[in-house]
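Here the structure of chain A is known, so what remains is to put chain B in place on it, guided by the hints.
Those protein sequences? They're chains A and B, same order as listed. For the first sequence, my numbering gives the first residue as 1, with consecutive numbering after it. For the second sequence, my numbering gives the first residue as 1, with consecutive numbering after it.
For the record, the hints were derived by calculation from the structure and aren't laboratory data. Just so you know, even glycine gets a beta-carbon here, dropped at the ideal spot from N, CA and C.
Which chain A residues face chain B? A few, computed with CB under 10 Å, are given here:
#  : residue
1  : T58
2  : T59
3  : G66
4  : G86
5  : H88
6  : F96
7  : E98
8  : Y103
9  : N111
10 : A116
11 : D119
Here's a subset of chain B near chain A, in silico, CB distances under 7 Å, partners left out:
#  : residue
12 : R20
13 : W29
14 : K119
15 : V126
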Amino acid sequence: MLGTRATEDVASGDGAPPVRARGLVKRYDDIVAVDHVDLNVHTGDVYGFLGPNGAGKTTTLRMALGLITPTEGTAELFGRDPLRVGAHALEGVAGFVEAPRFYPYLSARKNLELLAALDGAGAKDRIDEVLEIVELAPRAAHRVGGYSHGMRQRLGIAAALLRRPRLLILDEPATGLDPAGMRDMRLLIRRLASDGITVLLSSHQLPEVQELCDRVAIVDSGRVVYEGALADLRRQGGAGYRLRTTDDSRALEMARGQHGIEHAVANEHGLGFQAEEKDVGSLTLTLGQAGIGILALTPELATLEDLFFRLTEGEQARSADGAESGAPGAQAPISERKAVEIG
Amino acid sequence: MSSATASPAVAARAVTHPRRPTTMTIWRWELRKLVAQKRTYLGLAIGIVFPLIFVLAQSLRQHHGHGGGDNIFFSEVTQSGLATPVLTLLLESAFLLPLAAALVAGDIVATEDGNGTLKTILTRSVDRGQVFAAKVLAAMTYATIVVFLSAATATIAGISAWGFKHVVTFSGSVVSAPKGLLLVFAANACYLIPLLAVVSIGVLLSTATRNSAAAVVGTLAVTLLLALVTVIPGLEGAQPYLLTTEYNNWHGLLRTPTDWAPIWHSLWVCALYTGPALAAAYLVFLRRDVAGG
Chain A
1 MLGTRATEDV
11 ASGDGAPPVR
21 ARGLVKRYDD
31 IVAVDHVDLN
41 VHTGDVYGFL
51 GPNGAGKTTT
61 LRMALGLITP
71 TEGTAELFGR
81 DPLRVGAHAL
91 EGVAGFVEAP
101 RFYPYLSARK
111 NLELLAALDG
121 AGAKDRIDEV
131 LEIVELAPRA
141 AHRVGGYSHG
151 MRQRLGIAAA
161 LLRRPRLLIL
171 DEPATGLDPA
181 GMRDMRLLIR
191 RLASDGITVL
201 LSSHQLPEVQ
211 ELCDRVAIVD
221 SGRVVYEGAL
231 ADLRRQGGAG
241 YRLRTTDDSR
251 ALEMARGQHG
261 IEHAVANEHG
271 LGFQAEEKDV
281 GSLTLTLGQA
291 GIGILALTPE
301 LATLEDLFFR
311 LTEGEQARSA
321 DGAESGAPGA
331 QAPISERKAV
341 EIG
Chain B
1 MSSATASPAV
11 AARAVTHPRR
21 PTTMTIWRWE
31 LRKLVAQKRT
41 YLGLAIGIVF
51 PLIFVLAQSL
61 RQHHGHGGGD
71 NIFFSEVTQS
81 GLATPVLTLL
91 LESAFLLPLA
101 AALVAGDIVA
111 TEDGNGTLKT
121 ILTRSVDRGQ
131 VFAAKVLAAM
141 TYATIVVFLS
151 AATATIAGIS
161 AWGFKHVVTF
171 SGSVVSAPKG
181 LLLVFAANAC
191 YLIPLLAVVS
201 IGVLLSTATR
211 NSAAAVVGTL
221 AVTLLLALVT
231 VIPGLEGAQP
241 YLLTTEYNNW
251 HGLLRTPTDW
261 APIWHSLWVC
271 ALYTGPALAA
281 AYLVFLRRDV
291 AGG
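Next up, chain A with everything else stripped away, as it sits in the complex (with noise of 0.2 Å):
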C-alpha cells in the first residue's frame, strides 16, 4: 500500500522517554558532520542543545524527526525511529529544523490550514487559536512570501502548535528576532513547557538557554562533550574567586605557584582564578605572610557561558592536536569541518 514505509506494529511509546539518541553517525565523505551521538531528553525536561556553528545541532536533530539517515546510530521519539516506522513516530511532536518554512504565495491561514490537513485529527479547529497565540490573526490573510524572519518564527511556532504536541524541537528559535521578540519568544516557550510539553531548543544563544534549560547537552564538532543538568555542570565547573589585593602582579604570581589554584589571571578586577573553597584559605595565608593586602575577595559561581566555551575551546583544542598527530581516529580541525554545509 502507498504510503508506509513499515508494516510493523508501531509501539504506542507510553513512558519511553521523548528523545533518545544512540551512537547518531552523519559522514559526508570524508567530512564527520555528527560523531556518535547519545541524546536522552526527558518527559517535562526543557533541553538546551548547545553548538557553536557547524557543531552538527541541526543535522542531529535532522535524523531525530527522519529527514536524514544516519550513517550509523538510531533516534527514538518516544520510543519510535521515524526511519522505521514513518510518520507514526512524529505522532506528539512537533517543532522546526533551521528556519521554519512556508509556503511563500499562500497566506499564513492557508499554510496552517494546509498543514491541519497534513496532521488530521481535528487540527484544524485549532488554527484560530494559534494564530492569537503567536499574534499573527490580523496578518493571517496575508501572504507569507511578504513576512518579515520573525513573523515566520512565530508561525513557525503556531504550526507546531496545531498538533497538541508532547515534544516540541525548535532549532534556534530566536534567530533574527528583535530583543522584544526573543523576550517573548522565551516566555511563550516558559509557558508551554509550564504546560507539560518536553522542549528540546538547538541553540547558540547562552543566555537563553541558561534561563529557559534544566539540562543540557552540549556539541562540539559534531560530538556531545557534556550531556546533563545544567546545576551539574555549572558545579562541576568549579567555584570561580575574584581577588584585589595591594599588588595584584605579585598576588597573581604567587596564586600561580600555589597548590589548587587554577586558571589564575589578571582582570580588570584585579585576578580571577577557580578554586576549591580550602585552597582559597591556604592562598589568603600566603598573601598574608608575603605582605600582601587583600582588599576584596568574592566568590563567583561559572556561568554558562565560561563553561561552554571551556568545553568547546578545549575540543577545539585535542581536535587540532590530534589532526597534527595524526593519531588513529584524530578528526579534521573544525575550520576544515566548517566549510561544509552540513545544516
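Same frame as chain A, but now just chain B:
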C-alpha cells in the same frame, strides 16, 4: 507574542494514534498549491491560446480563399468544427503538450526541496510514500486538465467557426457529429497514455536533480532525443518502442474500422517508461536526505 494567552487547550496531552490524512487529502492540497502558483497558468495558457490561434489563422486562410493541406483534416478543417480539435492535437502532441506537462512535473518535487517546504510537510502526520503518490497524481491530473482544456477550447472554437457537422475520418468514411465528438474525446484520452509517461520522467528528474529548471528542460530533452532517434538511419527498428512514436497512438480511432492495435501497443510501451521512472523516483524520494532549506 502573547505567551500569557497560551491556553491549556494547546498544552501537552496524550496523543495516541490520531486519525491520519489520506493520500487523497494530500493530493487535493497539491492541486490547491498548483492553483495558487502563477507558473501553473502558463501550461493552461498553452492549451487555450494555441487552438484559438489555429482557428483564427484558418479563418483568415479561408477568407483569402486558400484550400486545405496534405492531411485529410486540413482539407476538412473548414467543413466541420470537429476537425479542429483533431488537428490541434496533432500539432500540439509532439512539443507543446509535453512542455506544459513538464512544467509542473519537473517542478513539483524540486521546488519544494529548494524552498525547504519538503521538510515542513515531511514532519507532519504523513508518510513519504503518501506525499510522493499525491505529487505524482497531481502532476498527472494537471497534464490531463491541460489536454482536455485544449481539446475543449479547440472544439468550441472550431464549432463556433465552422459548425457542429459530420466529419471525415482518416479512412475517408464519414461519421456523425455526435460520434465525431466522442472520437475527439477518446483521441485525447489515448494521447494521455504517452503524456503520462512524460510526466513520470519529469517527476523522476524533479526528484533526482532537486532542480526545477534542470528537471523541466531535462524532460523536454528526453522527449526531443527520442524524437530525433526516429530519424537516425539504422535505428528504424527502435521506432515502435519510442515514447514519441506513441504520441500518434490515437490515429487508429479515426479509421474505419477502428484500429485498436496502436492503442494496446502504446499501453505496454508507455508502461515500460512509466513504471521504471516512477519506481526509481519513489525510491529516490523515500531514501533521500531532506537537508535543504
